[in-house]
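Protein chains in written order, with our numbering: chain Z, 180 to 750; chain X, 54 to 260.
Bear in mind the hints are in silico, worked out from the structure with no lab data behind them. Bear in mind that the values here come from a model prediction, so they are computed numbers and not experimental data. One or more of the hints may lead you astray.
To be verified - Per the computed footprint, the stretches of chain Z lying under chain X, defined by three or more beta-carbons under 8 Å from a beta-carbon of chain X, are:
(1) 545 to 554
(2) 687 to 700
As the list claims (entries may be wrong) - Calculated Cβ distances over 10 Å to all of chain Z for the following chain X residues:
(3) T120
(4) H125
(5) R176
Glycine is no exception: its CB is placed at the ideal position from the N, C-alpha and C atoms.
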Amino acid sequence: MASVTDLSHHDVEAHHEHHLPTGWRRFLYSTNHKDIGTLYLVFAICAGLIGTALSIIIRAELLEPGMHVFPLISAIMSGDGSVDAAKNMYNVFFSSHAIIMIFFMVMPAMMGGFGNWMVPLLIGAPDMAFPRLNNLSFWLLVASFILLMCSLFAEGSPGMRGFGGGWVLYPPMSSTVGTPGPAADFVILSMHLAGASSIIGSINFIATIFNMRAPGMTMFRMPLFPWSVLVTAFLLLLALPVLAGALTMLLTDRNFHTTFFEPAGGGDPILFQHLFWFFAHPEVYILIIPGFGMVSQVVATFSKKPIFGYVGMVYAMLAIGVLGFAVWAHHMFTTGMSLNAQRYFVFATMVIAVPTGVKVFSWLATMWGGSISLRPPMLWAIGFVFVFTVGGVTGVVLANAAIDRYLHDTYYVVAHFHYVMSLGAVFSIFAGFYYWFPKMTGYLYDERLAKWHFWVSFVGINLAFFPQHFLGFQGMPRRVVDYTEAYAFWNMVSSIGAFIGGAGTLIFLYLLYDAFKAKRLAGDNPWGPGATTLEWQLPSPPPFHTWETPPHIFGDEDAHAPAIAGQGSPA
Amino acid sequence: MTASGDRDGTTVSAGGRARRNNRLLGLGGATLAVTMIGLTYAAAPFYSAFCRATGYEGTPQQVKANTDAEGHRILRVGFDANVAPGLDWSFEPEVESIRLRTGQTATVYFRVRNLLDTPAVARAAFNVTPEVSGGYFDKISCFCFTEQHLGPHESAEWPVVFFLNPDLEADPSMARVDSITLSYTLFAPPSERPAPARSADRAGPAG
Chain Z
180 MASVTDLSHH
190 DVEAHHEHHL
200 PTGWRRFLYS
210 TNHKDIGTLY
220 LVFAICAGLI
230 GTALSIIIRA
240 ELLEPGMHVF
250 PLISAIMSGD
260 GSVDAAKNMY
270 NVFFSSHAII
280 MIFFMVMPAM
290 MGGFGNWMVP
300 LLIGAPDMAF
310 PRLNNLSFWL
320 LVASFILLMC
330 SLFAEGSPGM
340 RGFGGGWVLY
350 PPMSSTVGTP
360 GPAADFVILS
370 MHLAGASSII
380 GSINFIATIF
390 NMRAPGMTMF
400 RMPLFPWSVL
410 VTAFLLLLAL
420 PVLAGALTML
430 LTDRNFHTTF
440 FEPAGGGDPI
450 LFQHLFWFFA
460 HPEVYILIIP
470 GFGMVSQVVA
480 TFSKKPIFGY
490 VGMVYAMLAI
500 GVLGFAVWAH
510 HMFTTGMSLN
520 AQRYFVFATM
530 VIAVPTGVKV
540 FSWLATMWGG
550 SISLRPPMLW
560 AIGFVFVFTV
570 GGVTGVVLAN
580 AAIDRYLHDT
590 YYVVAHFHYV
600 MSLGAVFSIF
610 AGFYYWFPKM
620 TGYLYDERLA
630 KWHFWVSFVG
640 INLAFFPQHF
650 LGFQGMPRRV
660 VDYTEAYAFW
670 NMVSSIGAFI
680 GGAGTLIFLY
690 LLYDAFKAKR
700 LAGDNPWGPG
710 ATTLEWQLPS
720 PPPFHTWETP
730 PHIFGDEDAH
740 APAIAGQGSP
750 A
Chain X
54 MTASGDRDGT
64 TVSAGGRARR
74 NNRLLGLGGA
84 TLAVTMIGLT
94 YAAAPFYSAF
104 CRATGYEGTP
114 QQVKANTDAE
124 GHRILRVGFD
134 ANVAPGLDWS
144 FEPEVESIRL
154 RTGQTATVYF
164 RVRNLLDTPA
174 VARAAFNVTP
184 EVSGGYFDKI
194 SCFCFTEQHL
204 GPHESAEWPV
214 VFFLNPDLEA
224 DPSMARVDSI
234 TLSYTLFAPP
244 SERPAPARSA
254 DRAGPAG
């Protein structure tokens with residue numbers, strides 16, 4: 180590991196004569212990857228708060244049998260407090276919760292936020308390849324979110340407001356049969372814009388990573404986060420157009436008498452499920468793979484060791500990405516597939532456990548024998564490995580078509596995907612956030628508060644979702660507003676867990692306030708010798724323009740290990 | 054060759070090369086995305102051809118004639134007839150079910166009547182359940198292959214001619230299937246249907 184970088188000081192000092200935009204122009208017209216990353220992160224935090232609020236209200240309704248909360252909410256929001264309106268409002272809430280969390284929280288935070296901020300810094304590029312497209316992809320996302328908000332107030336089912344067909348948007352619930360009103364059209368158009376935004380963003384990442392790496396930063400010397408962003412960008416580029424196409428078919432079915440999904444004209448609603456899951460299974464990897472990259476870098480930093488099995492980690496991500504396109508119908512075991520088709524999808528799904536296992540064991544092996552410091556990013560990263568493994572194991576259970584017959588659309592599935600998403604993806608986002616916050620803002624946060632945030636969230640969310648496995652085994656269906664007395668106990672526990680998790684979010688907000696108020700300066704590298712990647716060689720916060728002269732990366736270009744910066748003078 | 058981004062046009066500068074490569078990668082990515090949208094649309098006819106070819110999703114097979122191979126299993130074949138909202142017709146099978154030996158050809162009639170004062174057009178969507186039996190349900194002729202026209206208050210008897218392919222006896226996933234249901238739903242063409250129904254009525258048994 181004799182590789183070093185040559186950091187010329189003029190690089191960060193130069194170009195101070197550039198005109199720096201200020202005020203609203205700086206962000207509205209921004210083409211700077213750091214400012215756009217900041218915009219994405221702020222957007223993701225706001226959307227995340229809305230999504231969390233929706234979920235807490237849902238858990239409040241499910242606290243005990245009977246309907247208590249939604250008749251009131253429905254009365255306030257639509258002036259109709261009847262039971263039917265309340266049920267509809269509940270459906271609208273869980274649908275919006277899913278769409279917001281997936282498209283407006285996790286994706287913007289990981290790809291838009293950390294991807295934009297850190298990929299150019301980590302590979303020594305001055306900015307993204309297409310800075311103006313970058314601006315476009317952010318503001319398209321804002322427009323998309325506004326359309327989604329519009330859908331809440333438009334008519335959906337007859338006499339009801341909002342779209343309540345779930346994030347899966349299956350026809351006939353989303354066709355004119357289930358939702359004749361324009362609420363579904365708003366959701367479809369919102370997804371179109373979010374998709375366009377992500378496709379543009381992915382093209383940008385692919386061009387940046389392939390073409391704008393600093394000299395000496397070969398593909399196999401890149402840190403794992405840019406690798407994870409690259410894999411994710413390809414998944415987005417291949418998967419999102421399929422969603423766009425399927426939604427366009429749905430839109431023309433709804434408005435222009437086409438019959439792609441309408442049996443009346445020879446169409447087939449199951450085709451939508453195939454197309455949707457061909458998009459949505461890669462989509463769930465899109466939500467987690469950038470997290471893999473962040474967690475890998477955090478674990479390596481705080482174990483003060485290079486990541487174990489770097490090349491294996493890269494190939495594991497590639498394998499997960501490729502396999503992600505070959506397993507979609509495991510979401511559809513109950514649609515009457517032939518036995519052989521089920522056999523294939525069971526097998527293919529279980530194969531994914533292999534590269535995933537490679538990753539989990541490599542994280543453990545990185546920590547093994549390392550000099551571990553349990554700073555907040557590391558806590559979140561270790562928490563991620565734990566909850567992601569739990570979610571992965573329940574995923575293998577659900578992969579069995581025979582068991583899935585029983586557990587399909589029960590709370591077991593809800594528990595499974597919240598363990599990998601709500602805990603896994605979100606924990607990795609917080610690991611990345613606490614890791615890079617000092618770099619992005621230049622301020623230290625209160626580590627005591629950050630640890631409180633972790634432990635309160637960890638206890639709360641586990642308490643919320645672990646009992647849902649039991650509810651699933653008991654047979655409680657998902658997406659129900661009310662349930663029998665038999666499910667009361669674990670629902671109560673789950674709701675209390677959700678409230679504790681919500682309290683964790685309040686700690687996070689206070690932590691942000693405190694960090695910006697106290698203004699404790701972070702310095703270039705608050706994490707010490709373990710932080711070896713390029714971004715820690717820059718001041719905190721980094722100047723407006725960075726790496727205009729590319730960093731010179733020494734060492735063996737054919738080495739298959741991440742380039743290590745800051746190990747003494749140029750060789 | 055000069056790079057498009059190169060001002061003096063004599064040498065390819067590093068910046069010009071980077072810009073050109075960016076453009077190539079950008080165009081390549083955009084092409085990939087557009088291709089995927091195209092493939093998505095191609096999936097619709099492909100899926101319907103796939104279902105027809107394999108019987109996937111309970112799609113009955115369309116054949117010219119019976120193979121005359123007599124099997125030995127006897128299965129119950131049930132019939133189900135529905136009319137979708139937006140079409141005022143009555144529609145029912147002449148028998149609820151028959152018992153049929155594999156390989157034997159059966160003809161079953163469906164009684165249909167237009168209850169409207171105007172002529173109307175309808176098309177039947179069809180499938181069989183359990184879905185795995187689709188590949189063994191061979192239709193020789195069916196009213197559902199084409200659009201059907203009825204005059205005001207006209208009634209008709211529509212035949213369907215089919216047989217159960219004896220190959221099903223060799224399929225282990227058919228071993229425990231003793232009963233197959235052939236289901237039809239009559240739809241008005243989408244362009245002739247009234248605006249989306251605001252009532253809660255759904256497709257249900259007619260007649």
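Hint by hint, here is what the structure shows:
Coverage of the region 545 to 554 of chain Z by chain X is violated in this model, with 0 residues showing a Cβ closer than 8 Å to a Cβ of that chain against a need of three. For the region 687 to 700 of chain Z, the stated coverage by chain X is not satisfied: 0 residues place a CB nearer than 8 Å to a CB of that chain, which falls below the threshold of 3. For T120 (chain X), the shortest C-beta to C-beta distance to chain Z comes to about 22 Å, beyond the 10 Å cut-off, and the non-interface label holds. Even its closest Cβ contact with chain Z, about 23 Å, leaves H125 (chain X) beyond 10 Å, as expected for a residue assigned away from the interface.
Not every Cβ of chain Z is farther than 10 Å from the Cβ of R176 (chain X); the closest lies at roughly 7 Å, contradicting the non-interface assignment.
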